[in-house]
Amino acid sequence: MIQSYYTLAALAREFETELKGQVITDCVSQTKSEIVIVFHADDSTVALRASVARPMMYTFVDHRFSTARKNVARLFPDSLGKEVISVQIAERDRCVFISLSEGFEIAVALTGASGNVYLLDQQGQVQDSFTSRPGAPTSRSAIVRPADPFPDRVTFAEHIDKMTNAGSSPAKAVARSYAFFDPQIAREIIARSGISISATEPAEIDIDGLYDTCHAIEQEMLDSDRCYISTNENQQAYFSLYKPAEGGQEYSSVNTGVRTFLIDSWRSTSFERTVGVRKAALIKQYKELDKAVNALKRGLSHPSRESDYRMWADLLMAYQGEVDPSKGVIELPSFEDAATIISIPLRKGLNRTELGQHYYEKARKAKKRRETDESRLSELIKNREHAKNLAEMAEDIENAREWDKFAAEHGLDPLRKGNKNDDTDGSTSYRKYVLPQGYHVFVGRNAAQNDTLTTRFAGKDDFWLHARGVSGSHVVLKVKGREEPPGFIQEMAASIAAYHSKARTSSLAPVIIVRKKFVRKPRGAQKGAVVVDRETVLLVEPGLPENQNKD
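Numbering-wise (our numbering), the sequence shown opens with residue -7 and increments by one.
No lab work stands behind these hints: they were computed from the structure. Predicted, not measured: the structure shown is a model, and the values here were computed from it. By construction, the Cβ of each residue, glycine as well, lies at the ideal position given by its N, Cα and C atoms. Do not rely on the hints blindly, as some may be mistaken.
Here are the simulated lysine-lysine pairs, BS3-like style, with alpha carbons at most 30 angstroms apart [claimed, not checked]:
no. : residue 1 : residue 2
1   : Lys164    : Lys154
2   : Lys62     : Lys74
3   : Lys74     : Lys24
4   : Lys519    : Lys472
Per label pair, the in silico range of CB-to-CB distance [to be verified]:
no. : residue 1 : residue 2 : range
5   : Ala287    : Pro337    : 42 to 50 angstroms
6   : Pro143    : Ala272    : 47 to 55 angstroms
7   : Arg137    : Ser257    : 21 to 29 angstroms
8   : Ser257    : Gly73     : 30 to 38 angstroms
9   : Asp54     : Ser421    : 18 to 26 angstroms
10  : Thr23     : Asp204    : 42 to 50 angstroms
11  : Pro143    : Ser188    : 22 to 30 angstroms
12  : Thr223    : Asn157    : 30 to 38 angstroms
Build out the structure end to end from the sequences listed, making use of the hints.
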(Lines of atoms letter the chains of each structure in order from A and count residues from 1; the text may use other names and numbers.)
(Lines give C-alpha, C1' and ligand atoms only; values in the text may rest on other atoms or scores of the structure.)
Protein backbone atom coordinates (compact mmCIF):
# COMPACT_ATOMS: atom_id res chain seq x y z
CA MET A 1 0.00 0.00 0.00
CA ILE A 2 3.00 2.34 0.10
CA GLN A 3 2.33 3.36 -3.53
CA SER A 4 -1.45 3.72 -3.12
CA TYR A 5 -3.20 6.99 -3.92
CA TYR A 6 -3.99 7.52 -0.23
CA THR A 7 -0.38 7.07 0.85
CA LEU A 8 0.86 9.42 -1.88
CA ALA A 9 -1.72 12.02 -0.85
CA ALA A 10 -0.50 11.87 2.76
CA LEU A 11 3.13 12.03 1.61
CA ALA A 12 2.39 15.05 -0.62
CA ARG A 13 1.10 16.94 2.43
CA GLU A 14 4.28 16.10 4.35
CA PHE A 15 6.48 16.92 1.34
CA GLU A 16 4.80 20.33 1.12
CA THR A 17 5.87 21.12 4.68
CA GLU A 18 9.30 19.51 4.36
CA LEU A 19 10.42 20.74 0.94
CA LYS A 20 8.76 24.12 0.42
CA GLY A 21 11.45 26.80 0.08
CA GLN A 22 14.26 24.29 -0.48
CA VAL A 23 16.46 24.39 -3.58
CA ILE A 24 17.36 21.45 -5.81
CA THR A 25 21.13 20.93 -5.74
CA ASP A 26 21.43 17.56 -7.46
CA CYS A 27 19.41 14.96 -9.31
CA VAL A 28 20.98 11.54 -9.74
CA SER A 29 20.36 7.86 -10.29
CA GLN A 30 22.53 5.21 -8.66
CA THR A 31 20.35 2.23 -9.51
CA LYS A 32 18.38 1.31 -12.59
CA SER A 33 14.93 2.07 -11.21
CA GLU A 34 15.48 4.77 -8.55
CA ILE A 35 15.90 8.52 -8.99
CA VAL A 36 17.13 10.77 -6.18
CA ILE A 37 16.43 14.51 -6.06
CA VAL A 38 18.58 16.36 -3.52
CA PHE A 39 17.28 19.53 -1.80
CA HIS A 40 19.18 22.02 0.34
CA ALA A 41 18.16 24.87 2.65
CA ASP A 42 19.61 26.43 5.82
CA ASP A 43 22.50 23.98 6.14
CA SER A 44 20.19 20.96 5.88
CA THR A 45 20.12 18.51 3.00
CA VAL A 46 17.40 15.97 2.26
CA ALA A 47 16.73 13.69 -0.69
CA LEU A 48 13.48 12.64 -2.30
CA ARG A 49 13.83 9.07 -3.51
CA ALA A 50 11.45 7.50 -6.00
CA SER A 51 11.45 4.00 -7.48
CA VAL A 52 9.46 3.55 -10.67
CA ALA A 53 9.65 -0.24 -11.08
CA ARG A 54 7.51 -3.01 -9.70
CA PRO A 55 7.16 -4.99 -7.52
CA MET A 56 7.62 -2.02 -5.17
CA MET A 57 7.22 1.51 -6.51
CA TYR A 58 7.67 4.15 -3.84
CA THR A 59 8.65 7.69 -2.95
CA PHE A 60 9.79 9.20 0.34
CA VAL A 61 12.08 11.87 1.76
CA ASP A 62 15.34 10.50 3.14
CA HIS A 63 17.36 12.50 5.68
CA ARG A 64 20.28 10.05 5.67
CA PHE A 65 21.17 9.89 2.01
CA SER A 66 24.63 10.29 0.50
CA THR A 67 25.60 10.29 -3.17
CA ALA A 68 28.12 7.75 -4.40
CA ARG A 69 31.34 8.99 -6.03
CA LYS A 70 31.10 6.81 -9.12
CA ASN A 71 28.56 4.95 -11.27
CA VAL A 72 26.15 7.86 -10.89
CA ALA A 73 23.95 9.24 -13.69
CA ARG A 74 23.22 12.99 -13.49
CA LEU A 75 19.65 13.90 -14.47
CA PHE A 76 17.41 16.94 -15.03
CA PRO A 77 20.19 19.58 -15.23
CA ASP A 78 17.61 22.36 -15.80
CA SER A 79 16.06 21.64 -12.40
CA LEU A 80 19.22 22.57 -10.49
CA GLY A 81 18.96 25.78 -8.51
CA LYS A 82 15.16 25.81 -8.70
CA GLU A 83 13.22 26.42 -5.48
CA VAL A 84 10.23 24.32 -4.39
CA ILE A 85 7.04 26.38 -4.45
CA SER A 86 4.49 23.69 -3.56
CA VAL A 87 3.79 19.95 -3.57
CA GLN A 88 0.39 18.49 -4.50
CA ILE A 89 -1.21 15.17 -5.39
CA ALA A 90 -3.05 14.94 -8.71
CA GLU A 91 -6.82 14.62 -8.60
CA ARG A 92 -7.64 10.90 -8.34
CA ASP A 93 -4.28 9.77 -9.75
CA ARG A 94 -1.07 8.44 -8.22
CA CYS A 95 1.06 11.35 -9.34
CA VAL A 96 2.80 13.88 -7.08
CA PHE A 97 3.63 17.29 -8.59
CA ILE A 98 6.48 19.39 -7.20
CA SER A 99 6.08 22.97 -8.45
CA LEU A 100 9.38 24.83 -8.88
CA SER A 101 10.42 28.41 -9.42
CA GLU A 102 10.49 29.81 -12.98
CA GLY A 103 7.42 27.72 -13.85
CA PHE A 104 9.14 24.31 -13.90
CA GLU A 105 7.54 21.23 -12.38
CA ILE A 106 8.59 17.70 -11.45
CA ALA A 107 5.99 14.93 -11.72
CA VAL A 108 6.51 11.69 -9.76
CA ALA A 109 4.09 9.26 -11.42
CA LEU A 110 3.75 5.84 -9.79
CA THR A 111 1.08 4.44 -12.08
CA GLY A 112 0.60 1.38 -14.25
CA ALA A 113 3.07 -1.44 -14.68
CA SER A 114 5.97 1.00 -14.40
CA GLY A 115 6.09 4.60 -13.27
CA ASN A 116 8.29 7.50 -14.27
CA VAL A 117 9.54 10.89 -13.13
CA TYR A 118 9.23 13.86 -15.48
CA LEU A 119 10.62 17.38 -15.65
CA LEU A 120 8.03 19.76 -17.14
CA ASP A 121 8.79 23.16 -18.65
CA GLN A 122 6.84 26.41 -18.26
CA GLN A 123 4.29 25.30 -20.86
CA GLY A 124 3.60 21.99 -19.11
CA GLN A 125 5.49 20.01 -21.75
CA VAL A 126 7.75 17.08 -20.81
CA GLN A 127 11.29 18.40 -21.15
CA ASP A 128 13.03 15.37 -19.67
CA SER A 129 12.14 12.01 -18.11
CA PHE A 130 13.88 9.49 -15.88
CA THR A 131 13.14 6.53 -18.14
CA SER A 132 12.48 6.61 -21.86
CA ARG A 133 9.94 4.39 -23.54
CA PRO A 134 7.84 4.50 -26.71
CA GLY A 135 4.51 6.27 -26.35
CA ALA A 136 5.51 8.10 -23.16
CA PRO A 137 3.45 11.18 -22.23
CA THR A 138 4.66 14.46 -23.70
CA SER A 139 2.64 16.87 -21.55
CA ARG A 140 1.20 17.35 -18.08
CA SER A 141 -2.31 16.59 -19.28
CA ALA A 142 -1.15 13.28 -20.76
CA ILE A 143 0.58 12.24 -17.53
CA VAL A 144 -2.52 12.55 -15.35
CA ARG A 145 -5.26 9.99 -15.97
CA PRO A 146 -7.80 10.41 -13.17
CA ALA A 147 -9.63 7.33 -11.97
CA ASP A 148 -13.41 7.23 -12.05
CA PRO A 149 -15.07 8.61 -8.90
CA PHE A 150 -16.23 6.18 -6.26
CA PRO A 151 -19.45 4.56 -7.57
CA ASP A 152 -22.82 5.64 -6.23
CA ARG A 153 -24.77 3.33 -3.96
CA VAL A 154 -26.82 1.73 -6.74
CA THR A 155 -23.83 1.07 -9.02
CA PHE A 156 -21.88 -0.33 -6.07
CA ALA A 157 -24.73 -2.71 -5.15
CA GLU A 158 -25.04 -3.94 -8.74
CA HIS A 159 -21.29 -4.58 -8.89
CA ILE A 160 -21.23 -6.56 -5.62
CA ASP A 161 -24.28 -8.61 -6.69
CA LYS A 162 -22.75 -9.40 -10.07
CA MET A 163 -19.39 -10.54 -8.71
CA THR A 164 -20.71 -12.58 -5.78
CA ASN A 165 -23.27 -14.27 -8.05
CA ALA A 166 -20.32 -15.21 -10.29
CA GLY A 167 -18.62 -16.89 -7.32
CA SER A 168 -16.23 -14.14 -6.22
CA SER A 169 -15.60 -13.58 -2.53
CA PRO A 170 -16.90 -10.37 -0.90
CA ALA A 171 -13.31 -9.14 -0.46
CA LYS A 172 -12.54 -9.61 -4.15
CA ALA A 173 -15.78 -7.89 -5.12
CA VAL A 174 -14.93 -4.88 -2.94
CA ALA A 175 -11.37 -4.72 -4.27
CA ARG A 176 -12.76 -4.52 -7.83
CA SER A 177 -15.37 -1.89 -6.96
CA TYR A 178 -12.96 1.08 -6.97
CA ALA A 179 -9.62 1.72 -8.66
CA PHE A 180 -7.90 2.76 -5.41
CA PHE A 181 -9.01 -0.24 -3.35
CA ASP A 182 -6.55 -3.12 -3.19
CA PRO A 183 -6.99 -6.61 -1.64
CA GLN A 184 -5.55 -5.43 1.67
CA ILE A 185 -7.99 -2.52 1.99
CA ALA A 186 -10.83 -4.77 0.85
CA ARG A 187 -10.10 -7.32 3.59
CA GLU A 188 -10.16 -4.55 6.20
CA ILE A 189 -13.51 -3.30 4.87
CA ILE A 190 -15.00 -6.80 5.01
CA ALA A 191 -13.70 -7.29 8.55
CA ARG A 192 -15.16 -3.96 9.74
CA SER A 193 -18.49 -4.75 8.07
CA GLY A 194 -18.79 -8.01 10.00
CA ILE A 195 -19.28 -9.99 6.78
CA SER A 196 -18.05 -13.56 6.66
CA ILE A 197 -15.03 -13.83 4.40
CA SER A 198 -16.56 -17.00 2.93
CA ALA A 199 -19.96 -15.46 2.18
CA THR A 200 -21.00 -16.18 -1.40
CA GLU A 201 -24.71 -15.32 -1.47
CA PRO A 202 -25.81 -11.68 -1.93
CA ALA A 203 -28.42 -12.29 0.78
CA GLU A 204 -25.60 -12.82 3.27
CA ILE A 205 -24.16 -9.35 2.59
CA ASP A 206 -25.48 -6.05 3.96
CA ILE A 207 -24.81 -3.98 0.84
CA ASP A 208 -25.77 -0.64 2.42
CA GLY A 209 -23.60 -1.29 5.47
CA LEU A 210 -20.73 -2.39 3.23
CA TYR A 211 -21.06 0.80 1.14
CA ASP A 212 -20.98 2.99 4.24
CA THR A 213 -17.90 1.17 5.53
CA CYS A 214 -16.13 1.73 2.20
CA HIS A 215 -16.77 5.45 2.42
CA ALA A 216 -15.74 5.60 6.07
CA ILE A 217 -12.43 3.83 5.59
CA GLU A 218 -11.65 5.88 2.47
CA GLN A 219 -12.24 9.11 4.38
CA GLU A 220 -10.08 7.78 7.23
CA MET A 221 -7.23 7.19 4.80
CA LEU A 222 -7.66 10.57 3.07
CA ASP A 223 -7.51 12.39 6.41
CA SER A 224 -4.77 10.27 7.99
CA ASP A 225 -1.56 11.93 9.17
CA ARG A 226 -0.17 8.71 10.64
CA CYS A 227 0.39 5.13 9.54
CA TYR A 228 0.83 1.59 10.87
CA ILE A 229 3.08 -1.37 10.14
CA SER A 230 1.47 -4.67 11.10
CA THR A 231 1.84 -8.39 10.50
CA ASN A 232 -0.89 -10.49 8.88
CA GLU A 233 -1.87 -14.09 9.56
CA ASN A 234 0.90 -15.27 7.21
CA GLN A 235 3.52 -13.37 9.24
CA GLN A 236 3.99 -10.90 6.39
CA ALA A 237 4.48 -7.23 7.22
CA TYR A 238 2.06 -4.73 5.66
CA PHE A 239 1.65 -0.95 5.67
CA SER A 240 -1.64 0.88 6.21
CA LEU A 241 -3.06 4.36 6.86
CA TYR A 242 -5.85 2.92 9.02
CA LYS A 243 -5.43 1.23 12.37
CA PRO A 244 -5.75 -2.51 11.67
CA ALA A 245 -7.70 -4.79 13.97
CA GLU A 246 -4.54 -6.72 14.93
CA GLY A 247 -2.79 -3.49 15.94
CA GLY A 248 0.82 -2.83 14.99
CA GLN A 249 3.52 -0.19 15.22
CA GLU A 250 2.12 3.33 14.87
CA TYR A 251 4.07 6.17 13.22
CA SER A 252 3.10 9.83 13.57
CA SER A 253 4.75 10.56 10.20
CA VAL A 254 3.67 8.73 7.05
CA ASN A 255 7.07 9.43 5.48
CA THR A 256 8.84 7.82 8.45
CA GLY A 257 6.52 4.82 8.25
CA VAL A 258 7.15 4.37 4.52
CA ARG A 259 10.92 4.64 4.97
CA THR A 260 10.87 2.15 7.87
CA PHE A 261 8.69 -0.30 5.95
CA LEU A 262 10.99 -0.16 2.92
CA ILE A 263 14.19 -0.60 4.93
CA ASP A 264 12.69 -3.57 6.77
CA SER A 265 11.57 -5.05 3.44
CA TRP A 266 15.02 -4.59 1.90
CA ARG A 267 16.67 -6.17 4.91
CA SER A 268 14.24 -9.07 4.82
CA THR A 269 14.79 -9.56 1.08
CA SER A 270 18.56 -9.38 1.52
CA PHE A 271 18.38 -11.86 4.41
CA GLU A 272 16.20 -14.27 2.44
CA ARG A 273 18.54 -14.05 -0.53
CA THR A 274 21.82 -14.50 1.36
CA VAL A 275 20.54 -17.02 3.88
CA GLY A 276 18.65 -18.84 1.15
CA VAL A 277 21.98 -19.42 -0.59
CA ARG A 278 23.54 -20.69 2.63
CA LYS A 279 20.60 -22.94 3.46
CA ALA A 280 20.80 -24.34 -0.07
CA ALA A 281 24.53 -24.93 0.44
CA LEU A 282 23.82 -26.94 3.60
CA ILE A 283 21.25 -29.04 1.75
CA LYS A 284 23.70 -29.52 -1.13
CA GLN A 285 26.41 -30.57 1.32
CA TYR A 286 24.07 -33.17 2.83
CA LYS A 287 23.13 -34.52 -0.61
CA GLU A 288 26.77 -34.76 -1.70
CA LEU A 289 27.69 -36.61 1.48
CA ASP A 290 24.70 -38.92 1.07
CA LYS A 291 25.81 -39.63 -2.50
CA ALA A 292 29.36 -40.33 -1.32
CA VAL A 293 28.11 -42.67 1.43
CA ASN A 294 25.98 -44.66 -1.01
CA ALA A 295 28.81 -44.88 -3.56
CA LEU A 296 31.23 -46.13 -0.91
CA LYS A 297 28.69 -48.67 0.36
CA ARG A 298 28.29 -50.02 -3.17
CA GLY A 299 32.05 -50.36 -3.47
CA LEU A 300 32.35 -52.15 -0.15
CA SER A 301 29.55 -54.53 -1.08
CA HIS A 302 31.91 -56.19 -3.57
CA PRO A 303 34.46 -58.71 -2.20
CA SER A 304 37.96 -57.39 -1.63
CA ARG A 305 40.62 -58.44 -4.16
CA GLU A 306 43.15 -58.91 -1.34
CA SER A 307 42.57 -62.69 -1.04
CA ASP A 308 42.90 -63.20 -4.83
CA TYR A 309 46.13 -61.22 -5.03
CA ARG A 310 47.61 -63.00 -2.02
CA MET A 311 46.64 -66.44 -3.38
CA TRP A 312 48.23 -65.60 -6.76
CA ALA A 313 51.42 -64.46 -5.03
CA ASP A 314 51.57 -67.62 -2.90
CA LEU A 315 51.05 -69.86 -5.96
CA LEU A 316 53.76 -68.06 -7.90
CA MET A 317 56.24 -68.30 -5.02
CA ALA A 318 55.53 -72.04 -4.66
CA TYR A 319 55.84 -72.67 -8.40
CA GLN A 320 59.32 -73.94 -9.38
CA GLY A 321 59.14 -73.30 -13.08
CA GLU A 322 59.57 -70.16 -15.14
CA VAL A 323 56.82 -67.97 -16.55
CA ASP A 324 56.40 -66.83 -20.14
CA PRO A 325 54.97 -63.27 -20.13
CA SER A 326 54.13 -63.55 -23.83
CA LYS A 327 51.32 -65.99 -22.99
CA GLY A 328 49.46 -63.35 -20.97
CA VAL A 329 48.44 -65.75 -18.17
CA ILE A 330 49.82 -68.72 -16.31
CA GLU A 331 47.55 -71.51 -15.10
CA LEU A 332 48.48 -73.18 -11.81
CA PRO A 333 46.62 -75.77 -9.69
CA SER A 334 44.95 -74.52 -6.52
CA PHE A 335 46.49 -75.40 -3.13
CA GLU A 336 43.14 -76.76 -1.89
CA ASP A 337 42.25 -78.81 -4.96
CA ALA A 338 44.78 -79.71 -7.64
CA ALA A 339 41.95 -80.22 -10.11
CA THR A 340 41.01 -76.57 -9.79
CA ILE A 341 43.08 -74.42 -12.13
CA ILE A 342 43.79 -70.77 -11.22
CA SER A 343 44.55 -68.32 -14.05
CA ILE A 344 47.04 -65.63 -13.02
CA PRO A 345 47.63 -62.55 -15.25
CA LEU A 346 51.28 -62.02 -16.17
CA ARG A 347 53.11 -58.72 -16.55
CA LYS A 348 55.72 -58.02 -19.20
CA GLY A 349 59.23 -57.73 -17.83
CA LEU A 350 58.54 -59.47 -14.49
CA ASN A 351 59.89 -62.92 -13.66
CA ARG A 352 58.14 -65.37 -11.34
CA THR A 353 59.60 -63.93 -8.11
CA GLU A 354 59.05 -60.31 -9.14
CA LEU A 355 55.49 -61.12 -10.18
CA GLY A 356 54.82 -62.74 -6.82
CA GLN A 357 56.16 -59.65 -5.03
CA HIS A 358 53.99 -57.51 -7.31
CA TYR A 359 50.84 -59.37 -6.22
CA TYR A 360 51.85 -59.29 -2.55
CA GLU A 361 52.09 -55.49 -2.88
CA LYS A 362 48.70 -55.35 -4.58
CA ALA A 363 47.23 -57.50 -1.78
CA ARG A 364 48.71 -55.13 0.81
CA LYS A 365 47.27 -52.11 -1.00
CA ALA A 366 43.87 -53.77 -1.40
CA LYS A 367 43.77 -54.51 2.33
CA LYS A 368 44.83 -50.96 3.15
CA ARG A 369 42.26 -49.54 0.73
CA ARG A 370 39.54 -51.68 2.28
CA GLU A 371 40.45 -50.56 5.77
CA THR A 372 40.62 -46.93 4.65
CA ASP A 373 37.25 -47.14 2.90
CA GLU A 374 35.62 -48.75 5.94
CA SER A 375 37.06 -46.04 8.19
CA ARG A 376 36.07 -43.35 5.69
CA LEU A 377 32.54 -44.74 5.46
CA SER A 378 32.12 -44.41 9.20
CA GLU A 379 33.38 -40.82 9.06
CA LEU A 380 31.22 -39.97 6.03
CA ILE A 381 28.09 -41.32 7.74
CA LYS A 382 28.89 -39.20 10.78
CA ASN A 383 29.44 -36.12 8.59
CA ARG A 384 26.26 -36.83 6.61
CA GLU A 385 24.14 -36.96 9.76
CA HIS A 386 25.78 -33.77 10.99
CA ALA A 387 25.07 -32.03 7.67
CA LYS A 388 21.46 -33.25 7.73
CA ASN A 389 20.96 -31.90 11.25
CA LEU A 390 22.46 -28.54 10.27
CA ALA A 391 20.19 -28.25 7.23
CA GLU A 392 17.12 -29.08 9.31
CA MET A 393 18.04 -26.62 12.08
CA ALA A 394 18.77 -23.86 9.54
CA GLU A 395 15.22 -24.09 8.16
CA ASP A 396 13.85 -22.48 11.35
CA ILE A 397 16.18 -19.45 11.27
CA GLU A 398 14.29 -16.21 10.59
CA ASN A 399 16.77 -13.34 11.03
CA ALA A 400 20.45 -12.44 10.77
CA ARG A 401 21.03 -12.50 14.54
CA GLU A 402 19.73 -16.08 14.76
CA TRP A 403 21.90 -17.11 11.81
CA ASP A 404 25.07 -15.63 13.30
CA LYS A 405 24.41 -17.37 16.62
CA PHE A 406 23.78 -20.64 14.76
CA ALA A 407 26.93 -20.10 12.65
CA ALA A 408 29.09 -19.46 15.71
CA GLU A 409 27.81 -22.62 17.41
CA HIS A 410 28.47 -24.81 14.39
CA GLY A 411 31.59 -23.29 12.83
CA LEU A 412 29.83 -21.69 9.85
CA ASP A 413 30.46 -18.29 8.28
CA PRO A 414 28.43 -15.42 9.81
CA LEU A 415 26.31 -13.07 7.73
CA ARG A 416 27.79 -10.00 9.32
CA LYS A 417 31.53 -9.80 8.82
CA GLY A 418 33.92 -8.23 11.27
CA ASN A 419 35.92 -5.03 10.79
CA LYS A 420 37.69 -4.94 7.45
CA ASN A 421 40.86 -3.92 9.26
CA ASP A 422 40.95 -7.18 11.19
CA ASP A 423 43.81 -9.54 10.28
CA THR A 424 42.65 -11.77 7.46
CA ASP A 425 44.63 -14.84 8.50
CA GLY A 426 43.43 -14.73 12.11
CA SER A 427 46.96 -14.91 13.49
CA THR A 428 46.19 -12.39 16.22
CA SER A 429 43.22 -14.41 17.49
CA TYR A 430 44.83 -17.87 17.55
CA ARG A 431 46.52 -18.98 20.75
CA LYS A 432 50.23 -18.29 20.31
CA TYR A 433 53.25 -19.78 22.11
CA VAL A 434 56.87 -18.71 21.75
CA LEU A 435 59.46 -21.50 21.84
CA PRO A 436 63.26 -21.31 22.11
CA GLN A 437 65.31 -20.31 19.05
CA GLY A 438 62.49 -18.08 17.77
CA TYR A 439 59.95 -20.77 16.88
CA HIS A 440 56.23 -19.93 17.17
CA VAL A 441 53.31 -22.31 17.73
CA PHE A 442 49.69 -21.38 16.88
CA VAL A 443 46.62 -23.17 18.25
CA GLY A 444 43.00 -22.98 17.03
CA ARG A 445 40.36 -22.03 19.60
CA ASN A 446 37.32 -23.64 17.91
CA ALA A 447 36.27 -25.59 14.82
CA ALA A 448 36.19 -22.48 12.62
CA GLN A 449 39.67 -21.42 13.73
CA ASN A 450 41.00 -24.96 13.34
CA ASP A 451 39.73 -24.85 9.76
CA THR A 452 41.35 -21.52 8.85
CA LEU A 453 44.55 -22.34 10.77
CA THR A 454 45.05 -25.50 8.72
CA THR A 455 43.67 -24.49 5.32
CA ARG A 456 44.73 -20.84 5.13
CA PHE A 457 47.26 -19.83 7.78
CA ALA A 458 49.67 -22.77 7.72
CA GLY A 459 52.27 -22.92 4.96
CA LYS A 460 52.71 -26.20 3.11
CA ASP A 461 56.05 -26.92 4.84
CA ASP A 462 54.94 -25.85 8.32
CA PHE A 463 54.40 -28.66 10.83
CA TRP A 464 50.84 -29.63 11.68
CA LEU A 465 50.12 -31.39 14.99
CA HIS A 466 47.09 -33.01 16.60
CA ALA A 467 46.58 -35.36 19.53
CA ARG A 468 46.08 -38.85 18.10
CA GLY A 469 42.80 -40.67 18.66
CA VAL A 470 41.07 -37.88 20.63
CA SER A 471 39.42 -34.57 19.82
CA GLY A 472 41.52 -31.48 20.18
CA SER A 473 42.81 -28.28 18.63
CA HIS A 474 44.75 -28.04 15.41
CA VAL A 475 48.30 -26.87 16.10
CA VAL A 476 50.83 -25.37 13.68
CA LEU A 477 54.56 -25.02 14.23
CA LYS A 478 55.79 -22.31 11.86
CA VAL A 479 59.13 -22.89 10.13
CA LYS A 480 61.19 -21.16 7.46
CA GLY A 481 60.92 -22.96 4.15
CA ARG A 482 61.67 -26.68 4.43
CA GLU A 483 63.60 -26.26 7.67
CA GLU A 484 63.62 -29.23 10.09
CA PRO A 485 63.27 -27.93 13.67
CA PRO A 486 65.33 -29.60 16.43
CA GLY A 487 63.74 -32.66 18.01
CA PHE A 488 63.13 -30.93 21.35
CA ILE A 489 61.23 -28.11 19.55
CA GLN A 490 58.98 -30.67 17.87
CA GLU A 491 58.38 -32.36 21.24
CA MET A 492 57.51 -29.02 22.87
CA ALA A 493 54.99 -28.32 20.08
CA ALA A 494 53.58 -31.85 20.51
CA SER A 495 53.18 -31.25 24.26
CA ILE A 496 51.18 -28.10 23.47
CA ALA A 497 48.95 -30.08 21.06
CA ALA A 498 48.38 -32.76 23.72
CA TYR A 499 47.54 -30.08 26.30
CA HIS A 500 44.88 -28.57 24.01
CA SER A 501 43.07 -31.90 23.59
CA LYS A 502 41.03 -34.46 25.49
CA ALA A 503 44.36 -36.08 26.41
CA ARG A 504 45.34 -33.10 28.61
CA THR A 505 45.12 -35.12 31.85
CA SER A 506 47.05 -38.15 30.51
CA SER A 507 50.58 -38.81 31.75
CA LEU A 508 51.68 -39.48 28.17
CA ALA A 509 49.81 -38.84 24.93
CA PRO A 510 50.49 -39.77 21.28
CA VAL A 511 50.57 -36.71 18.98
CA ILE A 512 50.60 -36.68 15.18
CA ILE A 513 53.23 -34.42 13.63
CA VAL A 514 53.44 -33.99 9.87
CA ARG A 515 54.18 -31.36 7.26
CA LYS A 516 51.00 -29.46 6.51
CA LYS A 517 51.14 -30.46 2.82
CA PHE A 518 50.19 -33.99 3.88
CA VAL A 519 47.01 -32.76 5.59
CA ARG A 520 43.91 -32.22 3.49
CA LYS A 521 40.28 -31.36 4.01
CA PRO A 522 37.89 -33.77 2.22
CA ARG A 523 35.27 -32.24 -0.02
CA GLY A 524 32.07 -31.59 1.91
CA ALA A 525 33.68 -32.16 5.30
CA GLN A 526 32.61 -29.98 8.22
CA LYS A 527 34.93 -27.31 9.57
CA GLY A 528 38.00 -28.71 11.30
CA ALA A 529 37.69 -32.18 9.73
CA VAL A 530 40.87 -33.27 7.91
CA VAL A 531 42.60 -36.38 6.58
CA VAL A 532 46.31 -37.02 7.24
CA ASP A 533 47.95 -38.86 4.35
CA ARG A 534 51.13 -39.75 6.25
CA GLU A 535 52.13 -39.22 9.85
CA THR A 536 54.79 -39.53 12.53
CA VAL A 537 53.70 -39.99 16.12
CA LEU A 538 55.49 -38.52 19.13
CA LEU A 539 54.74 -39.75 22.66
CA VAL A 540 54.88 -36.71 24.95
CA GLU A 541 53.68 -35.35 28.28
CA PRO A 542 50.88 -32.78 27.83
CA GLY A 543 51.93 -29.32 28.92
CA LEU A 544 52.78 -25.74 27.99
CA PRO A 545 56.09 -23.89 27.89
CA GLU A 546 57.06 -22.29 31.18
CA ASN A 547 55.72 -18.81 32.01
CA GLN A 548 53.09 -18.91 29.24
CA ASN A 549 49.36 -18.58 29.76
CA LYS A 550 47.14 -21.65 29.96
CA ASP A 551 44.08 -19.90 28.51
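Against the structure, the hints:
1. A threshold of 30 angstroms between alpha carbons decides the hint, and for Lys164 with Lys154 the separation of about 12 angstroms falls inside it, so the pair holds.
2. As the CA atoms of Lys62 and Lys74 are separated by approximately 25 angstroms, the hinted pair is consistent with the 30 angstroms bound.
3. For a cut-off of 30 angstroms, the pair hint linking Lys74 to Lys24 stands: about 25 angstroms separates their Cα positions.
4. Taking the CA atoms of Lys519 and Lys472, the gap is near 27 angstroms; set against the 30 angstroms cutoff, the hint holds.
5. At about 27 angstroms, the beta-carbon gap between Ala287 and Pro337 misses the expected band of 42 to 50 angstroms.
6. Checked against the hint of 47 to 55 angstroms, the C-beta distance between Pro143 and Ala272 comes to roughly 49 angstroms, which is consistent with it.
7. A beta carbon spacing of about 28 angstroms between Arg137 and Ser257 agrees with the range 21 to 29 angstroms that was offered as a hint.
8. As the Cβ distance of Ser257 to Gly73 is approximately 35 angstroms, the hint placing it in 30 to 38 angstroms holds.
9. Evaluation of the 18 to 26 angstroms hint for Asp54 and Ser421 yields a failure: the beta carbon distance comes to about 38 angstroms.
10. Taking 42 to 50 angstroms as the suggested C-beta distance range, the pair Thr23 and Asp204 conforms, at roughly 44 angstroms.
11. At roughly 23 angstroms, the beta carbons of Pro143 and Ser188 sit within the given window of 22 to 30 angstroms.
12. Restraint check, Thr223 to Asn157: a C-beta distance of roughly 34 angstroms satisfies the suggested window 30 to 38 angstroms.
Figure legend: structure checked against the earlier numbered hints; hints not met, in rising order: 5 and 9.
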